[in-house]
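Visitor: Protein chains in written order, with this note's numbering: chain R, 1 to 152; chain C, 153 to 601; chain V, 602 to 1102.
Hints should not be assumed to be uniformly reliable.
As the list claims (entries may be wrong) - Each computed SDA-like pair below joins lysine to any residue, with the alpha-carbon atoms no more than 25 Å apart:
1) Lys-802(V) / Glu-716(V)
2) Lys-576(C) / Glu-716(V)
3) Lys-406(C) / Leu-1064(V)
4) Lys-406(C) / Pro-645(V)
5) Lys-802(V) / Lys-406(C)
Unchecked claim - On the chain R side, residues computed to face chain V include the following (Cβ under 10 Å):
6) Glu-33
7) Gly-36
8) Val-39
9) Val-62
Calculated from the structure, these hints are not laboratory results. For glycine and all other residues, C-beta sits at the position ideal for the given N, C-alpha and C.
The primary structure of each chain is shown beneath.
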Amino acid sequence: MEFPEGLKYSKEHEWVLVEGTSATIGITEYAQEELGDIVFVELPEVGEKIVKDDPFGAVESVKAVSDIYAPVSGAVVETNEILPDNPETINDDPYGDGWMVRVELSDIDDLKDLMDADEYAEYVAQQKEDDDEEDDDEDEDDIEEDDDDKVK
Amino acid sequence: MRYTPHTVTDKERMLREIGCASVEDLYRHVPQSLREHAAIGLPAGLTELEVRRRMAALAARNDSAADWSFFLGGGIYHHFIPSAVDATISRAEFSTSYTPYQPEVSQGTLQALFEYQTLICQLTGMDVSNAAVYDGASAVAEAVLMSRRIQPAKKRRVLMSRALHPQYRAVVATYLKNLDDVRLEEVPFDAGRGATDFEQLKRLLDDQTMCVLLGYPNFFGVIEEPAPIRAACDSVGAHLVTVTSEPLSLALLKPPGEFGADIAVGEGQSLGVPMSLGGPAFGFFACQNKFVRNIPGRLVGETVDSEGQRGFVLTLATREQHIRREKATSNICTSQTLCALAATVYMALLGKSGLRRIAEINVARAHDACARLIAQRGFASRFSAPFFNEFVMQSENLSQLFADCTARRMVPGIPLAPWYPELKDSFLMCVTEMNEREEIDQLVRTSAG
Amino acid sequence: MSEPAQDRKRSQVAPPKLLFESGSPGRSAVEWAGEGAKVEESIPSHLLRRDIDGFPELGELEVLRHFTGLSQRNFSIESQFYPLGSCTMKYNPKINEVVARLPGFALLHPMASPEHLQGALAMLFELEQMLAEVAGMEHVSLQPSAGAQGELTGLMMIRACLSERGDPRKKIIVPDTAHGTNPASSTLCGYDVIQISSNDKGVIDAAAVEKVMDGDVAAIMITNPNTLGLFESNIEAIAQIVHAKGGMVYLDGANLNALMGVAKPGHMGVDVLHMNLHKTFSTPHGGGGPGAGPVGVKAPLRDYLPVPRIVHAGDKFVLHEIEPKSVGRVRSFLGNFGVLLRAYTYILSLGGDGLAEASRMALLNANYIRKKLEKSYQLAYNEPCMHECILTDRIQHKNGVSTLDIAKRLLDYGYHPPTIYFPLVVSGALMIEPTETESPETLDGFCDAMLAIAQEAKDDPELVKSAPHSTPVRRLDEARAARKPVLRWENGRAKSRSTDP
Chain R
1 MEFPEGLKYS KEHEWVLVEG TSATIGITEY AQEELGDIVF VELPEVGEKI VKDDPFGAVE
61 SVKAVSDIYA PVSGAVVETN EILPDNPETI NDDPYGDGWM VRVELSDIDD LKDLMDADEY
121 AEYVAQQKED DDEEDDDEDE DDIEEDDDDK VK
Chain C
153 MRYTPHTVTD KERMLREIGC ASVEDLYRHV PQSLREHAAI GLPAGLTELE VRRRMAALAA
213 RNDSAADWSF FLGGGIYHHF IPSAVDATIS RAEFSTSYTP YQPEVSQGTL QALFEYQTLI
273 CQLTGMDVSN AAVYDGASAV AEAVLMSRRI QPAKKRRVLM SRALHPQYRA VVATYLKNLD
333 DVRLEEVPFD AGRGATDFEQ LKRLLDDQTM CVLLGYPNFF GVIEEPAPIR AACDSVGAHL
393 VTVTSEPLSL ALLKPPGEFG ADIAVGEGQS LGVPMSLGGP AFGFFACQNK FVRNIPGRLV
453 GETVDSEGQR GFVLTLATRE QHIRREKATS NICTSQTLCA LAATVYMALL GKSGLRRIAE
513 INVARAHDAC ARLIAQRGFA SRFSAPFFNE FVMQSENLSQ LFADCTARRM VPGIPLAPWY
573 PELKDSFLMC VTEMNEREEI DQLVRTSAG
Chain V
602 MSEPAQDRKR SQVAPPKLLF ESGSPGRSAV EWAGEGAKVE ESIPSHLLRR DIDGFPELGE
662 LEVLRHFTGL SQRNFSIESQ FYPLGSCTMK YNPKINEVVA RLPGFALLHP MASPEHLQGA
722 LAMLFELEQM LAEVAGMEHV SLQPSAGAQG ELTGLMMIRA CLSERGDPRK KIIVPDTAHG
782 TNPASSTLCG YDVIQISSND KGVIDAAAVE KVMDGDVAAI MITNPNTLGL FESNIEAIAQ
842 IVHAKGGMVY LDGANLNALM GVAKPGHMGV DVLHMNLHKT FSTPHGGGGP GAGPVGVKAP
902 LRDYLPVPRI VHAGDKFVLH EIEPKSVGRV RSFLGNFGVL LRAYTYILSL GGDGLAEASR
962 MALLNANYIR KKLEKSYQLA YNEPCMHECI LTDRIQHKNG VSTLDIAKRL LDYGYHPPTI
1022 YFPLVVSGAL MIEPTETESP ETLDGFCDAM LAIAQEAKDD PELVKSAPHS TPVRRLDEAR
1082 AARKPVLRWE NGRAKSRSTD P
């Protein structure tokens, strides 16, 4: 799994590329893998304001919808025009051609809450471990015997 | 009759496998206090023969179109249904299958629904149709909800023609009662023409108008003039929703898509579904392409399988309740698929020329009956606007007419008083291809007093 | 695009065409004797259309062959075991079909006055009472067209009742195991949804309800047994908590097939419920309806029931269209009458004793399957289930085989798969509801297939992952259908093989 160095990452699995006061936003490789084949992307309009931690769009696969949460606040200056007709670009190139919106940052301090590549890589590893643990816990519950089930 | 195949031996074997002494053991999690009072106080079951006899006796207590002359429309129509329709929907592969969630083994239902969607688009002239909703009334309600999802928040006035089917209007009101932001207002009809009062409509339209609901034809059978209404809606950015409870009329009339309706809905019963006391039938729902992600109900889409063969699947499911849950476009799950299939078979059998032909016969018989009746003393045509197969007849002595007709096993129409007090001297009469010339003769004779 | 390898020993039958891809101009299957008609004499020409472009033009045999061929590409209860959880795919009796087609029912017009409909109204009135008896409720309306519409109706009645008390409230509590229609119906009724989690035993704790129950909660929607196939053992305590703060209890009756003669929702503290006649009461699913979702209420909600109401006045039945406190009409005419008629016939056939036996055998069958599969598949909950049981793909996932793969492979064995990936709280859920009309031999055959697939998942996972292999079509590309929706046929479209990559 890739974690490009020059990007910042949010807990909701978005990445941010900061260039001066402008930020490009997309979803990470981990996110697109979890979602599966993406069939539709709902993006904000140019000019709209997005607010940090609030949903600003959605990504749909065949069987699920996921909100995308704003990692930073700002005004939308551009959206990726190939996505309406080719949403699968997010699956193919989540950090490059699959970018979603470009915003003009309203508060540079928002970036402080984001993770860098190493921190995010750890975060993802932890997420995967947690998923495995949950499954292990379920196994343990099953092993416990329920007295009522014993044959009379 | 029970339909459970388990013998005593079967039960014993299965209980041994499970590790229980009795079936009651399987219920031990259910509190005793509940189990004590759970006996069902209904008589013992009947054999199939007993059921047949009982139901035949119940059926005999009804007056049906089999031995009565009905001139009844008002949203449900007596039309000829070719034998092949019932033969098809009686096939258990269609009737006992489930919603096609496993498309590889549901290509029959899915392809038929794709064909249904196409036929509705062709009939209504619209871009896209869903796979049917419950009935015409709830289709109108769903159309209003859809308009609300699309239109900006300041547009929340719904203008509903009073000439729209009274039950449909009632259902819309029920659905909207729970949404605080929508205002429902009625547009009167022109007392002379029987169509929506255009001047009044224009006066009511403003930039807060979300949509206009127009019967096409309306409840009185009148064919509304759609073009000026479309233009008026355009001037304020309101959606135009047409409502057609007699879709056979669309074989002849300009389809809603051609005059730019945003949403076209209606009742599909006319198209090959038995009257069956008003249900089950189905509501059709069609709209312009740009609204497709907001449409309620199931959608069937074309795709390919892993070997490139064409196939069909339920699609755009993320709109629906099982995925979107509280943000779904509708709560609809089970709808009316088998009835939509009946309509598909019906339209396939009649085809381009057949549907037109039956519609023409409806027009001919209805206009002939109307002309002959108004030639009788004491009868007058109530409205001047053109009609398809239904019209409003004014009668000097309504109750006498109905009594005389009952004595001859006829029902001349639907008295309008319950919904339109100002029309208490009038009734809504429908004539279809199922009303033979002799029936109309008899009605005319009876009306002569 | 290269042509797929042609296996000349496989069937060479061409895939089916669409109605619009066959036929010949001018063809029709329906003849009509008698007069032609000049429509222009009656209707102004500016109101008229041209011919319907693209409408089919086929003969009768062509049409029948078309639809017969399509039917052969469907699984159905009458052809295959169909253990869809929470769908209750039981046998749909043929006698019900015969009755529904009697002209004295099929040719009734709803706008004829009630004196012409006394047999029909008597039947409906009696059906209301039968359903009330089964569910332990006091009054029933047969109007709603399906379970979801029943839910909406029930919530509207709750809202009307509370509003009349001057206390409308804004929220509905919905468990995480609820069917999607529950929150969707709540939203349609203008409510906000509060979701609560089931505990690790798969049921709702009274304490969890207590935590969120306040004076702004109108009701809790609860399914019993729930979608995990488990009896909500705390339901009476939960009802008390909700009632104590002035709220109501709505029961989603989709799983009523587990409860008949066992426990009545009316005794559990339920104020209003719906039932699914196309589940518990054997009416055919039709590939997606029609169904019916009657609602049952206790006395305090009686006045809010939808109209029209069927009233027994003297020795006649009449219809009341106006009831001052009613929530109003929820659909046209008298509901899905043909479906109601079939359910009535079914209840007559089974009687009280037969319905109780149905539930007992439904439980027996579900537990039998659970026991036979519990060593090869992980159970979601290690305790006796009611009428349905849930397995997961946890064991098979170790070889990369998922619930979806298992489901698709079952098709090759000639079984319709169980419900998959629902409820959402169980990862990779396979929800199996056999119903009572299945014989032990059928269950054995199904279990053998499931065990074979479990073995295949170990020995040859690729076989399972690329299933199905023997169905009329292979696995379909649903992503493509969603990305580029093609929702109708149009003139000039590609034929039965795709030429697009």
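Visitor: Against chain V, with CB atoms and a cut of 10 Å, does the hint on Gly-36(R) hold up?
Guide: holds (8 Å)
Visitor: Just to be careful, I want the Cα atoms of Lys-576(C) and Glu-716(V) compared with a cutoff of 25 Å; is the pair within it?
Guide: holds (20 Å)
Visitor: Tell me if the straight-line CA distance from Lys-802(V) to Lys-406(C) falls inside 25 Å.
Guide: violated (60 Å)
Visitor: For the pair supplied as a hint, Lys-406(C) and Leu-1064(V), confirm whether the alpha-carbon distance does not exceed 25 Å.
Guide: Roughly 54 Å separates the two Cα atoms, so the pair is violated.
Visitor: Quick check on the hint: Val-62(R) CB to chain V CB, less than 10 Å?
Guide: holds (5 Å)
Visitor: Is Lys-802(V) within 25 Å of Glu-716(V), Cα to Cα?
Guide: Not satisfied, since the Cα-Cα distance of roughly 55 Å exceeds 25 Å.
Visitor: Would you mind confirming whether the straight-line C-alpha gap from Lys-406(C) to Pro-645(V) stays at or under 25 Å?
Guide: holds (11 Å)
Visitor: Taking the least C-beta to C-beta distance, is Glu-33(R) closer than 10 Å to chain V?
Guide: Not OK, violated: Glu-33(R) not within 10 Å of chain V, min 14 Å.
Visitor: Answer holds if the nearest beta-carbon of chain V is closer than 10 Å to that of Val-39(R); otherwise answer violated.
Guide: Status holds, d = 4 Å.
Figure legend: structure checked against the earlier numbered hints; hints not met, in rising order: 1, 3, 5, 6.
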